[in-house]
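Visitor: Here's the letter readout for the chains.
Number of protein chains: 2
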Amino acid sequence: MTTEAIQPAPLTAVKQHYTFAEGPEGLVLESGARLGPVTLAYETYGTLNAARDNVILVAHAFSGDSHAAGYYPGDPEGEKPGWWDFMIGPGKGIDTDKFFVVCPNILGSCMGSTGPSSLNPATDAPYGLDFPMMTIGDIVSTQKTLMDHLGIRRLHGVVGGSVGGMQVLEWCVRYPQFLRSAVAIATTMRHSALAIAFNEIARQSIMADPNWNKGNYYGGSKPDMGLAVARMVGHVTYLSDEAMRRKFGRKLQDKETFSFGFDGDFQIESYLRHQGTKFVNRFDANSVLYITKASDYFDVVERMGKIERPSKKNSEKRKYLVISYTSDWLYPTYQAKELVQTLKRSDQDVSFCEIEADCGHDAFLIPDERLTTLIRGFFDGLS
Amino acid sequence: MTTEAIQPAPLTAVKQHYTFAEGPEGLVLESGARLGPVTLAYETYGTLNAARDNVILVAHAFSGDSHAAGYYPGDPEGEKPGWWDFMIGPGKGIDTDKFFVVCPNILGSCMGSTGPSSLNPATDAPYGLDFPMMTIGDIVSTQKTLMDHLGIRRLHGVVGGSVGGMQVLEWCVRYPQFLRSAVAIATTMRHSALAIAFNEIARQSIMADPNWNKGNYYGGSKPDMGLAVARMVGHVTYLSDEAMRRKFGRKLQDKETFSFGFDGDFQIESYLRHQGTKFVNRFDANSVLYITKASDYFDVVERMGKIERPSKKNSEKRKYLVISYTSDWLYPTYQAKELVQTLKRSDQDVSFCEIEADCGHDAFLIPDERLTTLIRGFFDGLS
Numbered sequence: 081m082t083t084e085a086i087q088p089a090p091l092t093a094v095k096q097h098y099t100f101a102e103g104p105e106g107l108v109l110e111s112g113a114r115l116g117p118v119t120l121a122y123e124t125y126g127t128l129n130a131a132r133d134n135v136i137l138v139a140h141a142f143s144g145d146s147h148a149a150g151y152y153p154g155d156p157e158g159e160k161p162g163w164w165d166f167m168i169g170p171g172k173g174i175d176t177d178k179f180f181v182v183c184p185n186i187l188g189s190c191m192g193s194t195g196p197s198s199l200n201p202a203t204d205a206p207y208g209l210d211f212p213m214m215t216i217g218d219i220v221s222t223q224k225t226l227m228d229h230l231g232i233r234r235l236h237g238v239v240g241g242s243v244g245g246m247q248v249l250e251w252c253v254r255y256p257q258f259l260r261s262a263v264a265i266a267t268t269m270r271h272s273a274l275a276i277a278f279n280e281i282a283r284q285s286i287m288a289d290p291n292w293n294k295g296n297y298y299g300g301s302k303p304d305m306g307l308a309v310a311r312m313v314g315h316v317t318y319l320s321d322e323a324m325r326r327k328f329g330r331k332l333q334d335k336e337t338f339s340f341g342f343d344g345d346f347q348i349e350s351y352l353r354h355q356g357t358k359f360v361n362r363f364d365a366n367s368v369l370y371i372t373k374a375s376d377y378f379d380v381v382e383r384m385g386k387i388e389r390p391s392k393k394n395s396e397k398r399k400y401l402v403i404s405y406t407s408d409w410l411y412p413t414y415q416a417k418e419l420v421q422t423l424k425r426s427d428q429d430v431s432f433c434e435i436e437a438d439c440g441h442d443a444f445l446i447p448d449e450r451l452t453t454l455i456r457g458f459f460d461g462l463s
Numbered sequence: 081m082t083t084e085a086i087q088p089a090p091l092t093a094v095k096q097h098y099t100f101a102e103g104p105e106g107l108v109l110e111s112g113a114r115l116g117p118v119t120l121a122y123e124t125y126g127t128l129n130a131a132r133d134n135v136i137l138v139a140h141a142f143s144g145d146s147h148a149a150g151y152y153p154g155d156p157e158g159e160k161p162g163w164w165d166f167m168i169g170p171g172k173g174i175d176t177d178k179f180f181v182v183c184p185n186i187l188g189s190c191m192g193s194t195g196p197s198s199l200n201p202a203t204d205a206p207y208g209l210d211f212p213m214m215t216i217g218d219i220v221s222t223q224k225t226l227m228d229h230l231g232i233r234r235l236h237g238v239v240g241g242s243v244g245g246m247q248v249l250e251w252c253v254r255y256p257q258f259l260r261s262a263v264a265i266a267t268t269m270r271h272s273a274l275a276i277a278f279n280e281i282a283r284q285s286i287m288a289d290p291n292w293n294k295g296n297y298y299g300g301s302k303p304d305m306g307l308a309v310a311r312m313v314g315h316v317t318y319l320s321d322e323a324m325r326r327k328f329g330r331k332l333q334d335k336e337t338f339s340f341g342f343d344g345d346f347q348i349e350s351y352l353r354h355q356g357t358k359f360v361n362r363f364d365a366n367s368v369l370y371i372t373k374a375s376d377y378f379d380v381v382e383r384m385g386k387i388e389r390p391s392k393k394n395s396e397k398r399k400y401l402v403i404s405y406t407s408d409w410l411y412p413t414y415q416a417k418e419l420v421q422t423l424k425r426s427d428q429d430v431s432f433c434e435i436e437a438d439c440g441h442d443a444f445l446i447p448d449e450r451l452t453t454l455i456r457g458f459f460d461g462l463s
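For the protein sequence lines, the chains are A and B, in the order given. The numbers in the first sequence follow the numbering used here, run straight up by one, and end at 463. The numbers in the second sequence follow the numbering used here, run straight up by one, and end at 463.
It is worth saying that the hints were derived from the structure and are not from the lab. Among the hints, a few may not be true.
Copies of the same chain look alike in the list, so a pair counts if it fits in one copy or across any two.
No farther apart than 25 angstroms at their CA atoms in a straight line, the calculated lysine-lysine pairs in the DSS-like style are these [unchecked claim]:
| no. | residue 1 | residue 2 |
| --- | --- | --- |
| 1 | K358 | K294 |
| 2 | K331 | K386 |
| 3 | K302 | K358 |
| 4 | K294 | K335 |
| 5 | K178 | K224 |
| 6 | K424 | K386 |
| 7 | K331 | K417 |
| 8 | K399 | K386 |
Small disclaimer: the values here were computed from a predicted structure and weren't measured.
Sequences and hints are given; from them, build the entire structure.
Guide: Right, here's the structure in full:
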């Protein structure tokens, strides 16, 4: 006899690809530039129902990918599951027994979707800086193309944190009729000067690396040093003073006294270096440039203020859930409140929750029953 | 007839140098390493009185120098005065009609005092990384040597902000009997993990630049790119979300629309790049490594807790003034309060003021009548 609940089998993940805009015209981006063909990598979990309306689109953050949950067949022992595995699965916050979950890798990334490291058909070499600048609008419009391809008529919901939350907001203003609901977590309607500043430092760090070579480094030495520093900067903005004090404080790394040198004495130093190195092995520096720029350009304040008021005839009012974290200093709560106020001014049905957490901006990536309960309640309550 | 007050003539600044530890033994540093000869550049304003007890030592911040006030003879029209000119001068907060002000450039810097860019007498080449690691304790002990050389018997006060404030605190624990008073502004008893993290990013940025060449770049190409990014990181930590929003927000630089490129669209981007470039022209990258490391090592919590209780016989109780800024997120007010509590536990006579200001950590470098009034009142009230 055991008191442990029986755990459902973990999800099996399969990375799929959809390629479009293969004609000579390609896809026209917001900047006016053309791009084609465009491939989006994506994963799905759960089963699409007959009405094709039980779909939840999960939008990943800046350096995320389509592997939101589960394991790939053949994953070695100890391999980590997808980045939101605690949230997505049978009986979890986003219940795959009920919902068909789709997570696409964003345009401009390097995790299977078309981005600066993809082959430019015009030159048969990676795009590098010839990749056209894309926007959060372009990211979302390609996601819509994927939804159409999958025969999806309407989304039960779209959900995402950080840059994923920006995609959620872009969905709200661009395709409102396609949405039953939207959940925006730890995000903002537009970057503050502080957020732009940190992104610019990350870009400058990459571009200062001689190996960056104006973006033409594929096949040669990569700008690993610059990219590692860029990641260290980013990583600090995802944490908080409290979280770092609790986790690291002034603890020394494998030492009892100071080294009086530059090899790193404090655990926080080793941790950041480790984060930098890890990132270099999995992400493309040019993708950092493009995605940070897209998030800096992002600004839905005006369009969010013009969202159509719900009509009285429409019994199925679109619902919004906005979530912020007390210790998120990249997109602080006051920015989430501005979003909520903007939605309320046009009578939208919006709920807001600020979660008390000391782990900073990245809190939504850390298992937390409060977040799971909020999201479960929100999506289940719509049915 | 005019209603304008007559402005006193600006101070004339003269950079002086004092060299010591010229013997074969040199100076023994906290790490145990030896260094010699040691030169400190310094400036003085006002007149030393006959009792040699009207002295205020001004300790500069991380990238500061001995030029705290006034102009050098021959300064071109439009040249800026010393970095705390609004505070130091006849009739100002630190009144040079009353006080003899001394501001030394810190050990390890590159503004006239001995540091990694100085000639190593053993090799006749710049030290580079052969410069021994020095601490805030070493910085203060060399300042004490300078005070002794100048025949100063006791300081009316020591005052400084940021890393200058750390020197103030080190003075308090190292030479308490030499102090009549101490003013610590926007500082901390020890760095948080967050502060160490930003310093480590700055160091990694410099060391990632191939021109850094393990510190041996003197006479060749300097690690300008890495140093510029390091400064951009530092500069953001000196500002605040509010200040950046007020000053820059999302304003574009010389453009009406987005460039859809990486040349920089937003004013905050150009501003940071400008700060980076400006710094490269005036500061040495190795000095950044040494001084940031010294500030990371700094920790007076234990010694501050052991400061001797004032004796009842001693009518002239040592006085402390601690000042923090509401928007300083590098050394937030809670850290200043920890300092105040520590001092109070041993019955020290400490005053504390948190100044409401939205301009972040660097607020003490910006003219503010509230700061001037506080400091004037504090130093004048001692006499």
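Visitor: Each of the hints needs a verdict: does it hold here or not?
Guide: Here's how the hints hold up against the structure:
Within a single copy, K358 and K294 get their C-alpha atoms as close as 23 angstroms, and across copies as close as 23 angstroms, so both meet the 25 angstroms cut-off. For the homomeric pair K331 and K386, the shortest alpha-carbon distance between copies (22 angstroms) is at most 25 angstroms, but the shortest distance inside one copy (51 angstroms) is not. Proximity of K302 to K358 under the C-alpha cut-off of 25 angstroms is restricted to the intra-copy arrangement: shortest distance 14 angstroms within a copy versus 28 angstroms between copies. For the identical chains of this complex, K294 and K335 are inter-copy neighbours only, at 23 angstroms across copies versus 41 angstroms inside a copy, given an alpha-carbon limit of 25 angstroms.
In this assembly of identical chains, K178 and K224 lie within 25 angstroms of each other by CA distance solely inside one copy; the values are 22 angstroms within and 73 angstroms between copies. Proximity of K424 to K386 under the C-alpha cut-off of 25 angstroms is restricted to the intra-copy arrangement: shortest distance 11 angstroms within a copy versus 56 angstroms between copies. Taking the shortest alpha-carbon separations for K331 and K417, only the inter-copy value of 22 angstroms comes in at or below 25 angstroms, while the best intra-copy value is 37 angstroms. In this homomeric assembly, K399 and K386 come within 25 angstroms of each other (Cα to Cα) only inside a single copy, at 16 angstroms, whereas the closest approach across copies is 59 angstroms.
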